[in-house]
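Going down the list, the protein sequences come from chains X and C. As numbered in numbering that gives the first Met the number 0, residues 0 to 252 make up the first sequence, in order. As numbered in numbering that gives the first Met the number 0, residues 0 to 252 make up the second sequence, in order.
In short, the hints are calculated from the structure, not lab data. Built from N, CA and C at the ideal position, the CB exists for glycine as well. A portion of the hints provided could be inaccurate.
[As the list claims (entries may be wrong)] Listed next, the stretches of chain C that the computed footprint assigns to chain X, with coverage defined by at least 3 CB atoms under 8 Å from CB atoms of chain X:
#1 102-109
#2 229-242
[As the list claims (entries may be wrong)] Negatives, chain C to chain X, calculated, CB over 10 Å:
#3 Lys27
#4 Thr32
#5 Asp64
#6 Gln81
#7 Ile84
#8 Lys127
#9 Leu158
#10 His198
#11 Ala205
[To be verified] Cβ-to-Cβ under 7 Å is the rule here; a few derived chain X residues that face chain C:
#12 Glu10
#13 Thr48
#14 Gly50
#15 Ile84
#16 Leu88
#17 His167
#18 His170
#19 Ser192
#20 Ala195
#21 Arg197
#22 Pro227
#23 His242
#24 Arg243
#25 Gly247
There are 2 protein chains.
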Amino acid sequence: MNVLIVYAHPEPRSFNRALLDTSLRVLKEEGHTVEVSDLYAMGFNPVATAGDFTERRFPHALQYDREQKQASQRQGFTDDIQAEIDKLLRCELLILQFPLWWFSVPAIMKGWIDRVFANGTVYGAGGKRFDQGGLKGRKAMLSFTTGCFPEMMESDGLLGQRDVILWHLHHGTFGYSGLQVLQPFVGWSIQYSDEAQRHAHLEAYAARLRGIGHEEVMATHPLADFGPDWRLKPGIEPRTVGHRRPEGQDAAR
Amino acid sequence: MNVLIVYAHPEPRSFNRALLDTSLRVLKEEGHTVEVSDLYAMGFNPVATAGDFTERRFPHALQYDREQKQASQRQGFTDDIQAEIDKLLRCELLILQFPLWWFSVPAIMKGWIDRVFANGTVYGAGGKRFDQGGLKGRKAMLSFTTGCFPEMMESDGLLGQRDVILWHLHHGTFGYSGLQVLQPFVGWSIQYSDEAQRHAHLEAYAARLRGIGHEEVMATHPLADFGPDWRLKPGIEPRTVGHRRPEGQDAAR
C-alpha cells in the first residue's frame with residue numbers, strides 16, 4: 000500500500016515521534032511505500048484564507064468552499080495545498096498521528112484538514128460524500144496519545160464514550176470523504192507511563208501495523224441507507240454510535 | 000453579564016459576521032458588557048509551540064501542558080495568550096461564533112482553545128475539571144453556521160445526532176473546563192438561504208440573546224457522579240448523549 004502519515008507534534012523527542020518512527024520502520028519492512036507530512040517541521044499554515052487560491056471565482060466575498068470547488072477543477076490551489084492534495088490522492092491508507100488535545104486534533108492538523116480536504120476533490124456536488132466520497136476505496140486511521148486513562152473513555156466513563164468523542168473525525172471527516180475507517184490506535188496516559196509501558200505501546204503499535212492490510216473497517220451507513228429526507232430509511236437499523244431512532248419511534252418508523 | 004465573543008471567519012461580508020454584529024448590538028442593548036476576539040482580524044497564531052512561554056521549566060523537551068501549568072503559576076505566557084486568558088477570566092458568558100468546518104471549529108479557533116485553555120488555569124491537578132473546573136460559574140454557547148440542513152443532524156440523520164457531533168466541544172472543551180453549556184444557536188444551510196431566511200435567522204438569534212441570562216443549561220454529570228474507577232457510580236442514570244451503560248449491564252451495575 001501507499002501510506003500517508005500526517006504527523007503533528009511540536010517536540011522531536013515526544014512519544015508521538017517515537018510512534019511515527021515505529022510506523023515508518025514497520026510499514027517499510029512490510030513492503031509498503033510511506034510518505035510523511037510532518038506539519039510542525041514543514042511550518043504548515045493551518046489558517047484558511049483567500050490567499051489559498053491562485054484565482055478567484057467570486058472575488059467580492061470569500062466563500063471558501065466554493066473557491067475550493069473551482070480550484071479543484073482548475074488546479075487553482077497554492078502550492079502548499081496542492082502538494083498535500085497530491086499526497087492524499089496517492090495514498091491508500093491515511094494515518095493521522097497526533098496528541099489528543101481537547102478531544103480532537105491539534106490546530107495545525109485541523110488546518111491541514113480545513114485546507115486540504117477540499118470541496119470538489121474529497122466531497123462535493125452530485126452526492127460525492129460518504130461511500131461516494133472523493134476518497135472512496137481508501138482507508139484511514141487515527142493514531143493518538145492521551146493524558147487520560149482508558150476507563151475514562153468507556154461508555155460510562157468520565158469523558159464519555161470513545162467513539163462519541165471521535166465522531167467528528169471518524170464520521171465527520173474520514174467517513175464524509177469516503178474513507179473507510181480503521182479502529183484507532185491509542186497510546187493511553189503517556190505521561191503516567193514508565194519506560195517499559197512505553198516500549199509495550201510501541202510494540203503493540205508495530206504488531207498492529209504488521210496486519211493493517213487485513214483489518215475490518217468500522218461499521219457505517221452507505222448513502223443508500225438514507226431517504227430523500229436525509230434520514231435512515233424504514234427498516235434500517237442504526238449501527239453507529241452517532242445514529243439512533245428518535246425517542247418513541249420504533250425501528251420500522 | 001460580561002460576555003466574550005470569540006469570532007472566526009475570514010470574510011467580513013459573511014453571514015457569520017452579521018451574526019456577530021447582531022449579538023454585539025443586542026447584548027449591548029440589554030445592558031451587557033461585550034468583548035470580542037476577532038481571530039482573523041487579530042492574525043491570531045493558532046499553532047502551539049515552545050515559543051508560547053517566556054521561560055521553560057523543562058527545557059530539554061517540550062511537554063506543552065506542563066509548561067502551561069508553570070506559566071499559569073508564574074504569568075509566563077506570551078502576551079498574545081495572556082491577553083486572551085484575561086478576557087476569558089473576565090467573562091461570565093463565552094460565545095464561540097464560527098462556520099462549522101468538518102464538524103468542528105476552524106483551525107484558527109481550535110488553536111485559540113489549544114493555547115488559551117491552559118493547564119493550571121482552566122483545568123489541572125487536584126481534580127480541577129468539569130464542575131470543579133477553572134471556569135466554573137461561567138456559561139458558554141456555540142453559535143455557528145452550517146452548509147447542511149437541520150434534518151441531517153437529527154438522531155437518524157445523515158451526519159448523525161447533533162449533540163454527538165458537538166460532544167468534543169460541549170463536553171470535551173466547555174464542560175471539561177467547568178463551563179455550563181447553553182444550547183447552541185445554529186444558522187442552518189446558509190448558502191441555500193435567501194435574504195428573507197437570513198433575516199429570520201438574525202431575528203431568531205436576537206430574540207434568543209435577549210433572554211440568554213435565563214436559559215437552562217444542558218444536562219451533564221458532576222465529578223461526584225463518577226467513582227474512583229472513573230465510571231458512573233451504581234444507580235446514576237446516564238443523562239448525556241456521550242454516556243451510557245455498557246452493553247448487558249443494567250443501570251444498577
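How the hints compare with the structure:
no.	hint	in the structure
1	102-109	holds (count 7)
2	229-242	holds (count 8)
3	Lys27	26 Å, holds
4	Thr32	27 Å, holds
5	Asp64	7 Å, violated
6	Gln81	18 Å, holds
7	Ile84	16 Å, holds
8	Lys127	13 Å, holds
9	Leu158	7 Å, violated
10	His198	18 Å, holds
11	Ala205	23 Å, holds
12	Glu10	4 Å, holds
13	Thr48	5 Å, holds
14	Gly50	9 Å, violated
15	Ile84	16 Å, violated
16	Leu88	18 Å, violated
17	His167	4 Å, holds
18	His170	6 Å, holds
19	Ser192	13 Å, violated
20	Ala195	19 Å, violated
21	Arg197	14 Å, violated
22	Pro227	10 Å, violated
23	His242	6 Å, holds
24	Arg243	5 Å, holds
25	Gly247	11 Å, violated
Violated hints, in rising order: 5, 9, 14, 15, 16, 19, 20, 21, 22 and 25; the structure is consistent with all others.
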